[in-house]
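Peer 1: So the sequence lines, in the order shown, correspond to chains A, B, C and D.
Its first residue numbered 665, the first sequence is counted upward by one per residue in the numbering used here.
Its first residue numbered 665, the second sequence is counted upward by one per residue in the numbering used here.
Its first residue numbered 665, the third sequence is counted upward by one per residue in the numbering used here.
Its first residue numbered 665, the fourth sequence is counted upward by one per residue in the numbering used here.
Some hints could be false.
Since the list gives no way to pick out one identical chain from another, each pair is judged satisfied if it fits inside one copy or across any two copies.
With a cut-off of at most 30 Å between alpha-carbon atoms, the simulated DSBU-like pairs for lysine-lysine come out as follows [claimed, not checked]:
| # | residue 1 | residue 2 |
| --- | --- | --- |
| 1 | 764 | 785 |
| 2 | 785 | 767 |
| 3 | 764 | 673 |
Don't read these hints as lab results, they were simulated from the structure.
Number of protein chains: 4
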Amino acid sequence: MNALQMLQKINAMAEFNRWCGIEVTVAEVGAVEIQMPWRAEVGQYSGFLHAGLIGTLIDTACGFAAATVAGPHLLASNFSVNCLRPAQGQTFIARARVVKPGKTQIFTSCDLFAVDAGQEKFVANGQTLLAVLQAPQ
Amino acid sequence: MNALQMLQKINAMAEFNRWCGIEVTVAEVGAVEIQMPWRAEVGQYSGFLHAGLIGTLIDTACGFAAATVAGPHLLASNFSVNCLRPAQGQTFIARARVVKPGKTQIFTSCDLFAVDAGQEKFVANGQTLLAVLQAPQ
Amino acid sequence: MNALQMLQKINAMAEFNRWCGIEVTVAEVGAVEIQMPWRAEVGQYSGFLHAGLIGTLIDTACGFAAATVAGPHLLASNFSVNCLRPAQGQTFIARARVVKPGKTQIFTSCDLFAVDAGQEKFVANGQTLLAVLQAPQ
Amino acid sequence: MNALQMLQKINAMAEFNRWCGIEVTVAEVGAVEIQMPWRAEVGQYSGFLHAGLIGTLIDTACGFAAATVAGPHLLASNFSVNCLRPAQGQTFIARARVVKPGKTQIFTSCDLFAVDAGQEKFVANGQTLLAVLQAPQ
Chain A
665 MNALQMLQKI NAMAEFNRWC GIEVTVAEVG AVEIQMPWRA EVGQYSGFLH AGLIGTLIDT
725 ACGFAAATVA GPHLLASNFS VNCLRPAQGQ TFIARARVVK PGKTQIFTSC DLFAVDAGQE
785 KFVANGQTLL AVLQAPQ
Chain B
665 MNALQMLQKI NAMAEFNRWC GIEVTVAEVG AVEIQMPWRA EVGQYSGFLH AGLIGTLIDT
725 ACGFAAATVA GPHLLASNFS VNCLRPAQGQ TFIARARVVK PGKTQIFTSC DLFAVDAGQE
785 KFVANGQTLL AVLQAPQ
Chain C
665 MNALQMLQKI NAMAEFNRWC GIEVTVAEVG AVEIQMPWRA EVGQYSGFLH AGLIGTLIDT
725 ACGFAAATVA GPHLLASNFS VNCLRPAQGQ TFIARARVVK PGKTQIFTSC DLFAVDAGQE
785 KFVANGQTLL AVLQAPQ
Chain D
665 MNALQMLQKI NAMAEFNRWC GIEVTVAEVG AVEIQMPWRA EVGQYSGFLH AGLIGTLIDT
725 ACGFAAATVA GPHLLASNFS VNCLRPAQGQ TFIARARVVK PGKTQIFTSC DLFAVDAGQE
785 KFVANGQTLL AVLQAPQ
C-alpha cells in the first residue's frame, strides 16, 4: 500500500471527511493535496465557504502530510488558520507539506485555493502542529 | 431584537451551522454560548469530534461574541485552536468572550467543553481575530 | 528548593533574562508571575515596548508556569502573541498559567499588563505550547 | 529613498533593534532579509538563542516586509512562532515576505536560519498579522 492508498483508506474511515466529500488527490513523502467540492451546505451566512471548513481542509491536509512521514497515529495539538480572502469557488484544493518532522511532534503547513471558473485563487493558509502518539503494542 | 435573537437569526442563515445543529444558547454583551449535539457524521477516523468541527465551534462562538459588540459585519482573519484532549461526548458547548474590542479588529477567546454522561470536560480552547468590515452604505 | 527558588535559579542562568531585568515574583503549582522594568533599550521605533519583548515576557512566563508542573526540561514548540494595545508603562507584569499539563506537551496561557502611574493596563495576551524533553539519564 | 534605506532608517530608530545588532540586508517590494549576530547576552538558560529573540527577529522581519508595501504606519496584531530546532549559530538570518497585502491588514510569513560554520540551518518559522494604522493627518 503506497502513501496515496494509505491516506485514501484513512480518509474513508472519517465520517466527516466523507460528508464533506474530501478526496485525496496527491500524496508523496511529506506533501499531499486534497480536494472538496462546493455545495450549499458548506456555506456561512453570506454564502462563502465556512471558516470551520477552511480549518477542516487545512487540518486534514496537514494531518495527511504528517502521516506520510510518521504513519497514522497522530493527533493535532494546535492549528492556526489565516483567512486571506473570501473563499468562493466550485472546488477547494488544500496543499500541505511537512515543515519539520520529529519523533514526538511534526510541524506542517498548508495553502488553500478556491477554483472558480477554472482559475485557482489563494484564499487561506495555515499550519498544524501534530503530536506523534505511541502506537498500541 | 436583543443580542440572542440577532445571533439566532445569523445562525439560521448559515447553512453549515444548520447542518451542524449549532444552537445559540446564551448571549450577552461580549460573551456567548453555543451548543452542538454529537452524531456519527461529525467524527474523525477514530470516532472523536473532528478537529475541523472543534475549529468550527470555536470560530463560530468567537464570531458571535464579537457580533454582540460590533454587529454582524465581521470576518475572521485568523483563528487558532488547541486540542487539549480527545473531544468525545453527547453535546459540545463553546463559550466565547471578547478579549479586546476595537474599531477595525476584535480579539476574542473561546473554551470548548464536551458533555459526557452529564459532566463537562474541557477539551479545547482557541482564539479568533476578527476584522470589522465597513457596513454597506 | 520550592517552585519560586527553582524558577529564580533558572531565570538567573539565562543571560537574556538578566539583561531584560526579568524577576520571578510569584510561583505556585501551575501559575507564575514575572516582572520587567521599562527602560529605553526595550523600545520599538515609537517608544512602546518592542513586540519581541512582549513575546519574550509571554514565552518566559509560560515556560516558568510549565516548569512548576513538569520541571525545567522543556522547550517551547509554538508561541502566539496578541498585541491588544500599545505597551507603555514603567513596569510590565506577565501572569501565566498551565491550561493542560501532559506527559509530552504542556499547554499554557499568559496575560501581560503594563503598569503606568500605578495602574495595571491589559496590553497583550498569548499562549505557548511546550514540549517535555527526556531528562538526561 | 528606496525600500532598503527606509527600513534601515526605521531600524535605527528602534532602540531594541540597535541593542540586538539587527541589520537590514535585503529589501524589495514584499520581501526583506535581516541579520543579527550571536553574543552571550541573547542566550536562554542552555545557551541557545532565547525564544523571545526568535520572536523578535520574526516579528521585525515581517513588519519590515509589510512596510515595503504599506509604509511604516503598522502595528503587529498577532504573531506566531514555531521553534523547529535549537537556534544555535554565529549569525541569525530572518527572511520575511508579504503573503497577502490589504487596506487594513497585512498577512506576512518568515523563515529563520542559524548560520553555523558557514552553513544555514532552518531553525524557526512564523507569521505576523499587521494592522495598517491611519496615517496622522
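Peer 1: Now, for every hint given, state plainly whether the structure supports it.
Peer 2: Hints, one by one, checked against the model:
1. 764 to 785: Both: 27 Å inside a chain and 12 Å across chains, each within 30 Å.
2. 785 to 767: between (35 Å within a copy, 19 Å between copies)
3. 764 to 673: Within one copy only: 25 Å inside a chain, 32 Å across chains, cut-off 30 Å.
Checked against the numbered hints above, the structure violates none of them.
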